[in-house]
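There are 2 protein chains.
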Amino acid sequence: MIFSDFKLEGNLPIYIQIKDYLSSLINKGLLPNGSKLPSTRELSKILDVSRNSVIAAYDELKADGFLYSVNGKGTFVSSEKLITSSDWNIDWINLENEFSRTANELDIVKNEIPWSSDLISFKSISPDGDLFDMDEFKKSFMSRISVESHKLLNYGYAQGYKPLIDFLGDYMKKKGSFSKSKTTLVTNGFTEAFDLILSSFTKPGDMILCENPTHNTSIKIMRAHGINIQGIDIGKDGLDFDMLENILEKHGNSIKFAYLTPSYHNPTGSVMPPESRLKFYNLMKKYSIPIIEDGFNEELLYSSSHIFPLSSFDTSGNGVIYIGSFSKILFPGMRIGWIYADKKIINRLISVKRCRNIHTSFLDQGVLFDYLNSGKFEKYIKKIRKVYGEKFSVARKCVEKYIDNEYIWGDGGLHIFIKLKGIDARELLDRCYNKKVIFMPGDIFFTDNNGYDTLRLGLSRLSLEDIEKGIKIIGETIDEMNEENK
Amino acid sequence: MIFSDFKLEGNLPIYIQIKDYLSSLINKGLLPNGSKLPSTRELSKILDVSRNSVIAAYDELKADGFLYSVNGKGTFVSSEKLITSSDWNIDWINLENEFSRTANELDIVKNEIPWSSDLISFKSISPDGDLFDMDEFKKSFMSRISVESHKLLNYGYAQGYKPLIDFLGDYMKKKGSFSKSKTTLVTNGFTEAFDLILSSFTKPGDMILCENPTHNTSIKIMRAHGINIQGIDIGKDGLDFDMLENILEKHGNSIKFAYLTPSYHNPTGSVMPPESRLKFYNLMKKYSIPIIEDGFNEELLYSSSHIFPLSSFDTSGNGVIYIGSFSKILFPGMRIGWIYADKKIINRLISVKRCRNIHTSFLDQGVLFDYLNSGKFEKYIKKIRKVYGEKFSVARKCVEKYIDNEYIWGDGGLHIFIKLKGIDARELLDRCYNKKVIFMPGDIFFTDNNGYDTLRLGLSRLSLEDIEKGIKIIGETIDEMNEENK
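One line per chain: the protein sequences are F and X, in this order.
Residue 379 in UniProt numbering sits at position 379 of the first sequence, and the numbers go up by one each step.
Residue 109 in UniProt numbering sits at position 109 of the second sequence, and the numbers go up by one each step.
Hints are computed from structural coordinates only; laboratory data are not their basis.
Any given hint could turn out to be false.
Given that identical chains are not distinguished, each listed pair holds provided it fits within a single copy or across any two copies.
[Stated by the list, open to error] In silico DSBU-like cross-links for lysine-lysine, where the CA-CA straight-line distance does not exceed 30 Å:
1) LYS36 / LYS173
2) LYS203 / LYS110
3) LYS286 / LYS151
4) LYS73 / LYS139
5) LYS382 / LYS397
6) LYS401 / LYS110
7) LYS379 / LYS45
8) LYS138 / LYS151
Just need the whole structure built from these sequences, with the hints factored in.
This is the structure in structure tokens:
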């Protein structure tokens, strides 16, 4: 098509006409730098000239430096010396909007200490991949592909892969949360689930109630959406209900959502007791503030201790939107989470999801469904509960032994949260980094710029030896700082 | 944990005390309907009572209808008769924001004619899954899993899987678009790519220039973001540059982006000639309007005809954001696309992506990389170019033969777009539906409510026989309508 306007004219030798024609295409930018030309045989056919003329034209252009050949690969355009026109230079940062600015500012990955293999890093709470059962995973892939074949690789439905939706419905039933008027939307992990809800139901300036501290990613997403965040303190003994009731009296009618992480809360690791869950649910119901319940790490708890999510109080209501995710403990690289909520909500969210990314990978949904449905997940969860449980209890003992603390939060999970006695955790981090130990300073989890003397230790990817070694170093560093401050 | 506050008190028999305690938990909702109780042995341990007392308590509660047993599964709570409290009923639709409302209103899937197997459907332009080479796909999965193991299943980077990023960089080089100052972000298909860019760089009310007609999903996303869409007509001979220059003179300085689909444009199937591409690029540069180039279906064209994307003019500038996607022709169920743009842009988009869904599935990226890198894609593309090329030329001949048309747009691709002579395409659709033939009415692709007498025929999933049969029926129905209108 690009060579379709070539015409032989006048008395100039054909190879010169070809050369001039190609030169003009290169000059105009229609044959860009680095682009591959047809072979001499192909071009002679396209232009309807002899192959020898094309060879001669190519040779001339090579001599002029506008073409070069790579053995066995072909002939390419080299127009770098032509690029003299003033470059188009847009000041992109200046065009950025508030959403992007906030998402960038609060992106902790961008401000992280670079990882190196000699560090003991307590930063991560992502699962230990060595615990994944890869053979069973491969079997699930093969089994699902043999059932569905190319259907898993073509367009699917925004709501998700039907067998997975049904499985998650049953799964919510086991959590005591089944409701005839609710259904499931499969999402790209918790993050997308939370973002979709805010994208669909909030406006900048809306107020959301949440625990203080809370999951830093949730804070980031809320801030990016321009949400006015109202934190309720979590103390040593759990959520401060007095503070909550005061806030409700003051702002009750203008609060859009309550966002809560009742199980192995991030970062504190606290588990909200059943009575507090019910009390919280009833308070929100009284003020008609819908609850977004984050099922974070609930799987580490579930069936071992019989505490049910808040959504289990809502089986005949529509006030709780539950967000679940396996990716905190299983295959986070696949990014599968879900929302379980009133069908009217899901119906609206489906269109918003379709507007954002059509649907979540059907391949991943299919393979994960097979893995879950075959009972492999139950075996896996028993194994990891034991492994992570041991890490937590070792870590807790080490913290008690080595770290001069105000108190230690939490009942278990993939991390442990510590309040120090007035020690600046960021200064502590700088000092520990010199000793090859890093952790997450706690202030990023606070909604009100507090928590300068708190820190979170992620345990999931460390050996018991490194847990003890690292905590000992942190403790010694705190002792040094205390000594200096005397 | 939930049973930790049980205490034996007074003189009542132990099994009665257990029964009363469990009743109170069920009453409070702390043991929700359908939830599973511990086995009698487990509970006797937890409560520190004899197993016989627990058995007796369970039996009493069963007799009262609050528990039931399922053989081999356990004992479950049945509290349905307790649910008498007034339900929590939130009016969700009323809480919805403008973004969700628009995404729902413009969601064509929700207003679609239900599919049935006896229909000849020209609606879809998704690829024919029977053409996917499943054996090679499985090999790519196995090969990538053996290289990366559980790393593909754990958290990855927002920008994407490094080998895929590098592959796509080389791929853009082959398109003549390589720039030292540009890089790649992997996205969940075109839809996420476009949404991310608008989410980061636009505000409601911003003006975007695009072809009229254009891709209806793009119109939906722009409208959801509150964009003021300024269409430039595509006539039989391509983009109306006179109209474009008029608009630029009037609004040039207040236009935020130009959005363009130069190859096998959706819905018209036109391919913008190289000279028009350069002219368009230079015009946008003159007015400093950055271009979002949609590489839609370019793969069907690439290397067979040497037309380079607009981004190939921009190798020393930063004015073109290129969006690529394999999912129009290959494995759309995996949702993999990419953005190739200035590193400063990508750097900002990475944080926005991380705020939306952390990253695109690393499993899918890894498998797709292996498939692309092993040369299987090149073989596949040769095969499908032939298959889809034949479908297009058959369809074109059939349209010329059977359909009384004003003109037929397009040069190829997965679809063909037709302008009728004043026939209402929606009425035509209703009539054809009765004859078991459906297609996409063209008006959904227009930015200005025009196109009532246009339609798009998607060809990718139909046999040659059905293409002819269906087009013949459409043509006959048009003749009937013409007859009636005489």
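Status of each hint after checking the structure:
Taking the closest pair of Cα atoms, LYS36 and LYS173 come within 30 Å of each other only across two copies (10 Å); inside a single copy the shortest separation is 59 Å, beyond that limit. Proximity of LYS203 to LYS110 under the C-alpha cut-off of 30 Å is found in both arrangements, the shortest distances being 27 Å within a copy and 25 Å between copies. Taking the closest pair of Cα atoms, LYS286 and LYS151 never come within 30 Å of each other, the shortest separation being 47 Å inside a single copy and 47 Å across copies. Taking identical chains as interchangeable, the C-alpha atoms of LYS73 and LYS139 lie at most 30 Å apart only when they sit on different chains, with a minimum of 27 Å there against 40 Å within one chain.
Proximity of LYS382 and LYS397 under a CA criterion of 30 Å is satisfied intra-copy only: 23 Å inside one chain copy versus 63 Å between copies. Within a single copy, LYS401 and LYS110 get their C-alpha atoms no closer than 34 Å, and across copies no closer than 60 Å, so neither meets the 30 Å cut-off. Taking CA atoms no more than 30 Å apart as the test, LYS379 paired with LYS45 passes between copies only; the shortest distance there is 23 Å, against 65 Å inside one copy. Taking identical chains as interchangeable, the C-alpha atoms of LYS138 and LYS151 lie at most 30 Å apart whether they share a chain (18 Å) or sit on different chains (14 Å).
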